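Protein chains in written order, with this note's numbering: chain A, 3 to 246; chain B, 3 to 246.
These are computed hints drawn from the structure, not numbers from a lab.
Owing to the predicted nature of the structure, the values given are computational and were not obtained by experimental measurement.
Just so it is clear, CB atoms sit at the ideal spot from N, CA and C, and this is done for glycine as well.
Treat the hints with care, since some could be wrong.
A short, non-exhaustive set of chain A residues, derived as facing chain B with CB atoms under 8 Å [said to hold, decoys possible]:
(1) 73
(2) 76
(3) 221
(4) 222
(5) 244
Here are the simulated lysine-lysine pairs, BS3-like style, with alpha carbons at most 25 Å apart [to be verified]:
(6) 38/B / 21/B
(7) 87/A / 38/B
(8) 139/A / 125/A
(9) 21/B / 212/B
(10) 34/B / 139/B
(11) 87/B / 139/A
Protein chains: 2
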Amino acid sequence: MPRFFMAGSNIAGGVAVIKGQDADHVRVLRMKLGEKLVISDGEGTDYNCVLSRMGENIIEARVLDSLPSPAEPSVRCIVLTGFSKGDRSDYTVQKSVESGASEIVFFPCERCVSRPDGKSLDKKIMRWQRIAEEAAKQAGRGIIPVVSAASDLASAINLAIKTDLPLFLYETGDRIPLKQAIENTAPLTSAAIMTGPEGGFEPFETELAKHAGMLICSMGPRILRCETAPVTALTSIMYATGNL
Amino acid sequence: MPRFFMAGSNIAGGVAVIKGQDADHVRVLRMKLGEKLVISDGEGTDYNCVLSRMGENIIEARVLDSLPSPAEPSVRCIVLTGFSKGDRSDYTVQKSVESGASEIVFFPCERCVSRPDGKSLDKKIMRWQRIAEEAAKQAGRGIIPVVSAASDLASAINLAIKTDLPLFLYETGDRIPLKQAIENTAPLTSAAIMTGPEGGFEPFETELAKHAGMLICSMGPRILRCETAPVTALTSIMYATGNL
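Make a model of the complete structure from these sequences and hints.
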């Protein structure tokens, strides 16, 4: 069934008003009066609707019922990752959204080669938000995960430690296996996945995260690329918590 | 420690002979006599070596000891996937190797838009094999997973059903959750992950797989892209079997 994301404010009094690109999309799909569609308010609620008016300038759909979006995982996962170069960050955004992330936060840290700021950062965030929106639509998500940037590692850590499972993925030294960290956490309703840029984290950054209460974790003996690591951790959480 | 892939035949009598690109690599790294390196025979054995001769034309390393490559997972996973367009297949190869696949097999099926054959297929296989080799080196794998093509779906199914866990991932209808399929299988020493092209599988293809003994599985309510689905399943198996 066709699926549309619409801001909650367009759904009122049991009627959804479909405008702009969404209206164009309804026409491209050659949908007719009486046909069913799902409208997501982008905040986790799905509305089952039926096309009730097809005007030149306005399309309306009558709301049949609403339900929490079944595609939304029971665990809220924030992906926090160091800025990386080229299309790696695009990949992280697309695959994280597809795999169930609720939010994606980039941050600068010691070994980041790419350090966008000002207008350059604004442009990147806009680009990543567009990728997130497309991925959310394609995957049938009930929300469009927000992409943002933290000013530094400390701010990112501060977001992470507010969750039930603040994971800091590191490739060497004394670490807890990811599986053990996940299975030892109950209840698990929120998690943070923090990964570094291409060159990884500096030891002092790892110490900082540890002192702040993050769990320094390993993901096995294979070395994962910076764009793959957060998706691997996210998929593991989804699998372990019955969201896959 | 620097890591090199070398065919087993170059390691004989406790000495590894380093030639060609590998020798160039040793020089680029400015390695010196007495320095240690790891040589993988590409078949799952790692040799701890020390540089014992640095000639103009020949470099030799003395073998200190050998061990099964610690990066190789305990479960042998074959990824079988329909031909897809553009760089999606490149992605599947790279990420599957990084995530622990032992072998990758592409096959043509009903909804494949891309159907390379003859010279075009040979070229693609060579390209994917190069991607697999690079990914194996980067990830520190102990083998270079082989990339090949099966002639049709039936041949691919025939490979899959020889494993302990022949998974056929499908997006609709009566399916077993992936987690249940994995957890109900013991011992689990080999698995096959079969996924479709962009347009998915035809119902008759799914029936064929089911009759042949494959497990028709779901991976939750989110719709995964064709290049993401095999990696998600692979990561789940690695997580569940303690290989992550």
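Q.
Checking one constraint from the list: CA of residue 139/A to CA of residue 125/A, max 25 Å. Satisfied?
A. Judged against 25 Å, a Cα distance of about 21 Å means the pair holds.
Q. Can the hint on residue 244/A be confirmed by a CB-to-CB distance to chain B that is less than 8 Å?
A. 7 Å, holds
(Q) Just to be careful, I want the Cα atoms of residue 87/A and residue 38/B compared with a cutoff of 25 Å; is the pair within it? (A) 32 Å, violated
(Q) So if I understand the rule, the pair passes when the alpha-carbon distance is 25 Å or less; does residue 21/B with residue 212/B pass? (A) 49 Å, violated
Q: Please work out if residue 38/B and residue 21/B have their alpha carbons no farther apart than 25 Å.
A: The given pair, whose Cα atoms are some 17 Å apart, holds under the 25 Å limit.
Q. With a cut-off of 8 Å, does the beta carbon of residue 73/A approach a beta carbon of chain B closely enough for the hint to hold?
A. Status holds, d = 4 Å.
Q) Does the nearest C-beta of chain B fall within a distance shorter than 8 Å of the C-beta of residue 222/A? A) Status holds, d = 4 Å.
Q. Straight-line Cα separation of residue 34/B and residue 139/B no greater than 25 Å?
A. Cα-Cα ~22 Å, so holds.
Q: Classify the hint on residue 221/A as holds or violated, based on whether any CB of chain B lies nearer than 8 Å to its CB.
A: 5 Å, holds
(Q) Does the closest beta carbon of chain B sit nearer than 8 Å to the beta carbon of residue 76/A? (A) 11 Å, violated
Q) Straight-line Cα separation of residue 87/B and residue 139/A no greater than 25 Å? A) Status holds; Cα separation ~21 Å.
Violated hints for the displayed structure, listed by number in ascending order: 2, 7, 9.
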